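> Work out the full structure: start from the sequences and follow the hints.
Letter by letter, the chains look like this.
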Amino acid sequence: MIFKRSVPSRKAGRKIKFRDRYLPAIISITSVLAFFWLIRSVVVRAEQWPRIKAQFFDLDAIIIVFPRVLHGFGINMSVWSISLVVIAIWALLLAIFRSLQGPWFAPLRVFSIVYIDLLRGLPALLLVLLFGFGIPALQIPGLPNNSLFWGAVAMVASYSAYAAEVYRSGIEAVHDGQRAAAKALGLSQTQTLRFAILPQAIRNVVPSLLNLTVALQKDVALLSVLGIRDAVREAQIYTARTFNYSSLIAAALLFLVATIPLARFTDYVTKKDQERRLQKTT
Amino acid sequence: MIRKVLMLLVICSLYTVSALAAEGTNNPNLYQPGKLTVATGEPVYPPWMMDDNPAGGAGFENGLIYALAQKLGFKKEDVVWVRQTFDQGIAPGKKPYDFNIQQYSVTEARRKFVGFSMVYYKPEKAVVALPKNDISKAKTFKDLRKVRWGATIGTADLDYIENIIGKKDVAVYNDQVSTFQALLSNQIDATVISLPTALFVTAVQVPEATIAAVLPHDPNDLGHGLVFEKGNPLIKWIDKGLKAIIADGVVADLTSKYLIGNESIPEISR
Chain A
1 MIFKRSVPSR
11 KAGRKIKFRD
21 RYLPAIISIT
31 SVLAFFWLIR
41 SVVVRAEQWP
51 RIKAQFFDLD
61 AIIIVFPRVL
71 HGFGINMSVW
81 SISLVVIAIW
91 ALLLAIFRSL
101 QGPWFAPLRV
111 FSIVYIDLLR
121 GLPALLLVLL
131 FGFGIPALQI
141 PGLPNNSLFW
151 GAVAMVASYS
161 AYAAEVYRSG
171 IEAVHDGQRA
181 AAKALGLSQT
191 QTLRFAILPQ
201 AIRNVVPSLL
211 NLTVALQKDV
221 ALLSVLGIRD
231 AVREAQIYTA
241 RTFNYSSLIA
251 AALLFLVATI
261 PLARFTDYVT
271 KKDQERRLQK
281 TT
Chain B
1 MIRKVLMLLV
11 ICSLYTVSAL
21 AAEGTNNPNL
31 YQPGKLTVAT
41 GEPVYPPWMM
51 DDNPAGGAGF
61 ENGLIYALAQ
71 KLGFKKEDVV
81 WVRQTFDQGI
91 APGKKPYDFN
101 IQQYSVTEAR
111 RKFVGFSMVY
121 YKPEKAVVAL
131 PKNDISKAKT
141 FKDLRKVRWG
151 ATIGTADLDY
161 IENIIGKKDV
171 AVYNDQVSTF
181 QALLSNQIDA
191 TVISLPTALF
201 VTAVQVPEAT
211 IAAVLPHDPN
221 DLGHGLVFEK
231 GNPLIKWIDK
241 GLKAIIADGV
251 VADLTSKYLI
261 GNESIPEISR
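Chains as they are written, first to last, in the numbering used here: chain A, 1 to 282; chain B, 1 to 270.
Some hints here could point you the wrong way.
Restricting the straight-line Cα-Cα distance to at most 20 Å, the calculated cross-link-like pairs of lysine to aspartate or glutamate (EDC-like) are [claimed, not checked]:
{"no.": "1", "chain 1": "B", "residue 1": "Lys112", "chain 2": "A", "residue 2": "Asp60"}
{"no.": "2", "chain 1": "B", "residue 1": "Lys230", "chain 2": "A", "residue 2": "Glu47"}
{"no.": "3", "chain 1": "A", "residue 1": "Lys53", "chain 2": "B", "residue 2": "Asp87"}
{"no.": "4", "chain 1": "B", "residue 1": "Lys94", "chain 2": "A", "residue 2": "Asp60"}
{"no.": "5", "chain 1": "B", "residue 1": "Lys112", "chain 2": "A", "residue 2": "Glu47"}
According to the in silico footprint, chain A covers these stretches of chain B (three or more CB under 8 Å from chain A) [stated by the list, open to error]:
{"no.": "6", "region": "68-79"}
{"no.": "7", "region": "105-113"}
Sample of chain B residues at the chain A side, in silico, Cβ under 7 Å [to be verified]:
{"no.": "8", "residue": "Val147"}
{"no.": "9", "residue": "Gly154"}
{"no.": "10", "residue": "Tyr173"}
{"no.": "11", "residue": "Asn174"}
{"no.": "12", "residue": "Val214"}
{"no.": "13", "residue": "Pro216"}
{"no.": "14", "residue": "Pro219"}
{"no.": "15", "residue": "Leu222"}
{"no.": "16", "residue": "Gly223"}
Think of the hints as simulated: they come from the structure by calculation, not from any bench. Source: prediction; values computed, not measured. Cβ atoms here follow ideal geometry from the backbone N, Cα and C, with glycine treated the same way.
As structure tokens, this is what we get:
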């Protein structure tokens, strides 16, 4: 996929020349290698490189800190997967509220608009601090007092505002004719949504939602400000204790292991989606 | 042969010149020759520095710096303050100051990446909790292990809870303010903090909290030192100054002025 080249149409009896067949690949490989070699030589020649190497890429430190960072990463992943489900549902509800027609649904529409405006307009970090420190301080009986819980609620609150807008764009992208057709068939508003609009809308926005999923996977690290020892916080603790930054590399590797497959999957879904839209049948 | 000897002599003399040049208020190894450029945190916490104003001179750490500067031959106005985060102080690379003071604890692991001055102060540690909490009645380390702990990242306090008290799942906050917020909002039951900070916090900033106990000393915590870029030639000269003001009793005076309370607090033994 990396070595993209235009394949010359093969005419009967004409042999593909070496130039057409291998040259593009050779050029791609050499230019990539040359590029990284250039970066490497600039970095390695830097006067401070030995010090940076010792402070950031110390394999022994990475090995020592790895079990703790991995344990923290487990917290990242569990918060991520639970909030993902809640966000998917809550955001869809918000989007539906906003798309409902008729005067009786005005309160729901207003609620949804105000909610999205407020929570999308605030930095996620701010919400995490407000929810995580503010709500438990109220000490309302019956509400949980756990900072992990409230941190996750803050992430859900923030991300569902974004996701609701993504859903809404999907709903609005469905042609008006579909609504009219459903109505003509005698479907109620709920039935129209359920059977005509939403299936098309959701299929349209799956790639964008997956993008948000990747973003959320990393942003869960914001909960570390509440004292939660996720992967980033475990790495920071080691750094602060020893002044050795290699622990951050350990955390970075774990995040990459989780996010790169998801990013490739997003690419794949996007491509499939594009092919569907262009009515390709390959 | 003669050439080699001459070369050697030249090199030796260069060394002595540069060694000499690492002293004196105009020496070229200073970030700004003629000035003593000192970094500290933002904000700075009392009683280490009062009113978030290092240049005001009130407080233990800035008091110490002004006494040190005077000893080294600087005038008061020659001390320049810059604000740096904890992380900026330990990241590699050229620093826009001569050294950093913000209660950095000297440890052997850290010595690999930064230069430390001699230790100028060894704080005692205290347990801070809300008075209604059971931990206020704790008598032994076993009692201490029963509750939820929190501490501030980068401090020796966290190491104390994990290594000396022996509690593993400590919540770790970004700064002192967050740690106390967590205490007030009942996320944690107690925190360990150096006794001078504890005295100030419980008297002024968070009067709801009290010092439950004073803790025995941690042998791994060598005490507070100034942080330099690794291999900074100024360290020897600054250490001489520190030694002098400690011998003069200046540091002891600052300690009794800012860091010691007069109430008696029970000590917990192991």
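> All the hints need checking, so say for each whether the structure fits it.
Tested hints:
1. As the CA atoms of Lys112(B) and Asp60(A) are separated by approximately 14 Å, the hinted pair is consistent with the 20 Å bound.
2. Under the criterion of a C-alpha separation no larger than 20 Å, the hint pairing Lys230(B) with Glu47(A) is consistent with the structure, at around 14 Å.
3. This hinted pair checks out: Lys53(A) and Asp87(B) have alpha carbons roughly 17 Å apart, not beyond 20 Å.
4. Restraint check for Lys94(B) and Asp60(A): not satisfied, since their Cα atoms lie roughly 26 Å apart, outside the 20 Å limit.
5. As the CA atoms of Lys112(B) and Glu47(A) are separated by approximately 18 Å, the hinted pair is consistent with the 20 Å bound.
6. Restraint check on the region 68-79 of chain B versus chain A: 0 residues with Cβ-Cβ distances below 8 Å, three needed, restraint violated.
7. Check on the region 105-113 of chain B: 5 of its residues sit with their Cβ under 8 Å from a Cβ of chain A, so the three-residue criterion for coverage holds.
8. Residue-level restraint check for Val147(B) is violated (minimum Cβ-Cβ distance to chain A is 15 Å; threshold 7 Å).
9. Below 7 Å, beta-carbon pairs count as interface contacts, and Gly154(B) has one with chain A at about 4 Å; its hint therefore holds.
10. A least Cβ separation of about 5 Å between Tyr173(B) and chain A falls short of the 7 Å threshold, and the interface hint therefore holds.
11. The interface hint given for Asn174(B) holds, since its Cβ lies 6 Å from the closest Cβ of chain A, which is under the 7 Å cut-off.
12. A cut of 7 Å between beta carbons decides the hint on Val214(B): the least distance to chain A is about 24 Å, and the hint is violated.
13. With 7 Å as the threshold, the beta carbon of Pro216(B) stays out of range of chain A, its nearest partner Cβ sitting at about 21 Å, so the hint is violated.
14. The closest approach between the C-beta of Pro219(B) and any C-beta of chain A is roughly 16 Å, which is over the 7 Å cut-off, so the hint fails.
15. The beta carbon of Leu222(B) is not positioned within 7 Å of any beta carbon in chain A (closest approach about 14 Å), and the interface hint is therefore violated.
16. Among the interface hints, the one on Gly223(B) is violated; its C-beta lies about 16 Å from the nearest C-beta in chain A, farther than the 7 Å criterion.
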